[in-house]
Every structure is written in structure tokens, then in C-alpha cells.
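**Q** The residues making up each chain are set out below.
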Amino acid sequence: GAGVSQSPSNKVTEKGKDVELRCDPISGHTALYWYRQRLGQGLEFLIYFQGNSAPDKSGLPSDRFSAERTGESVSTLTIQRTQQEDSAVYLCASRSSGRNEQFFGPGTRLTVL
Amino acid sequence: AQSVTQLGSHVSVSEGALVLLRCNYSSSVPPYLFWYVQYPNQGLQLLLKYTTGATLVKGINGFEAEFKKSETSFHLTKPSAHMSDAAEYFCAVIPYAGGTSYGKLTFGQGTILTVHP
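As they're listed, the protein sequences go chains R and A. Per our numbering, the first sequence starts with residue 4, numbered consecutively. Per our numbering, the second sequence starts with residue 1440, numbered consecutively.
These are calculated hints, taken from the structure and not from any lab test. Predicted model only: the values in this text are computed from it and were never measured. Quick reminder that beta carbons are idealized off the backbone N, C-alpha and C, glycines included. It cannot be assumed that every hint is accurate.
[Said to hold, decoys possible] Cβ-to-Cβ under 8 Å is the rule here; a few derived chain A residues that face chain R: (1) Gln1481; (2) Gly1482; (3) Gly1547; (4) Gly1549.
[What the hints assert, rightly or not] No more than 25 Å apart at the CA atoms, straight line, and that leaves these computed lysine to any residue pairs for SDA-like: (5) R:Lys60 / A:Gln1548; (6) R:Lys18 / A:Asn1480; (7) A:Lys1488 / R:His32; (8) R:Lys18 / R:Gln87; (9) R:Lys18 / R:Gly54; (10) A:Lys1497 / A:Ser1512; (11) R:Lys14 / A:Tyr1478.
[To be verified] Calculated from the model, a selection of chain R residues having no Cβ within reach of chain A, i.e. all distances over 12 Å: (12) Gln9; (13) Thr16; (14) Asp21; (15) Val22; (16) Asn55; (17) Asp59; (18) Glu88; (19) Arg102.
I would like the entire structure built from these sequences, with the hints used as guidance.
**A** Structure representation (C-alpha cells):
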């Protein structure tokens, strides 16, 4: 079946602009995660969705970052007023209920000039 | 807080040689343990996982890992490296009592594996 997809694959933006990143999880996966991978650093957790609610937003680095999920499917991560330090690969993962392994999308590479 | 340490940010081996990538975690209660591989410009692919049961787990592409509670380790091995194994490898954990962790992964810093002909 189809895996996790993310769009766009690459995004170049100017400092101060807003960006939206999209994640389509595997169909039927109720859990969805966003992670950030900055150059030379490991992966950092950003936010977790169970269904359409987000019980854990502890990894969002500032109030410029927000995310939503609709229809227990697509999720969007929005970064407002982007800064150069936001440049990273943003990875989305989904997980089936009752299972513990996460399946990752290919990521969106964000470059803030 | 849970932490994961991968010893060696870069490991280089010859084709056909043993691959050993080290991972240690900090936890008084054994967590769930994972190894993921990331090929250039791709997402992460699960290699193998340990949750409970047999401490030696086998994964895809000939990789295996052994959970050693006494050493708080989960090292990844492959008897004979292949050129196609060149990638970045991440060790990750989920705290065992996962109710409040929501299954989120804590990752090590990653190890880049280079395979020489």
C-alpha cells in the first residue's frame, strides 16, 4: 500500500515568510508525528496527533510553529515568520493503533534565505 | 529524560567486513528500542526493533541487534558489509511505560556508515 507522503519535497523561502508543510499518513493510521532534522543534528520531536487532537505539542520550538490535522488524515505544519534557524528537513511519521513502529515520509527540505 | 548515545558519528568499513554501530540508552526501565536507516534524500526506514522477548533481534538487509540490559546497549551488527549499506543509521527509543510518552521517538545523533570497495 501507499506509504507516508509529504509535500513539497523542497521549499525555499525568504526570511519572514510563512510556510505550510503537508503530510499524508498511511491510511488508517491514527497516530501522526512531526520531527525536525537540522543539519548535523539528530531528529527532534515536534508534535504528536492522536486522531485530530494533539495531546503532545511539547517539541514545538516557538509559537511561530503550529500544526493541525483534519479527518484523521492529512496534517499541515505551519511556520510563521520563518527564520534562518528553521532551515531543516521536516519529517512526518504515522503509526497504527496498537503498534509501536512509526513509518516515515521522505521529508520536506526547508531552506530559509 | 530519556537519552540515546551513538558512539561514533562516522564509521568506515571495507566491503565484506563486520559492521558494528553502537547505541546506548539511559533509562532505569528498558525502553522499546529501534534502529532506522536513512539513505540520502529519503525518509527513515525501520531496520529492526526490540520490545520484549528474545534479546537478539533480526532485521532487514542482514542486520541484527542485541539488547543487553546490563550494559544498557542495543548495538547494531552485520557480518559482512555491502556497498549498498552506506547510509546514516539512527538508534531510537520509546520509554517502556509509554502511556505519557505517546510513542514519540527519542533519537541518537546518527552514525554515517561508509563502505569502501
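**Q** So which of those numbered hints doesn't the model satisfy?
**A** Of the numbered hints given earlier, those the structure breaks are 9, 12, 17, 19, listed in rising order.
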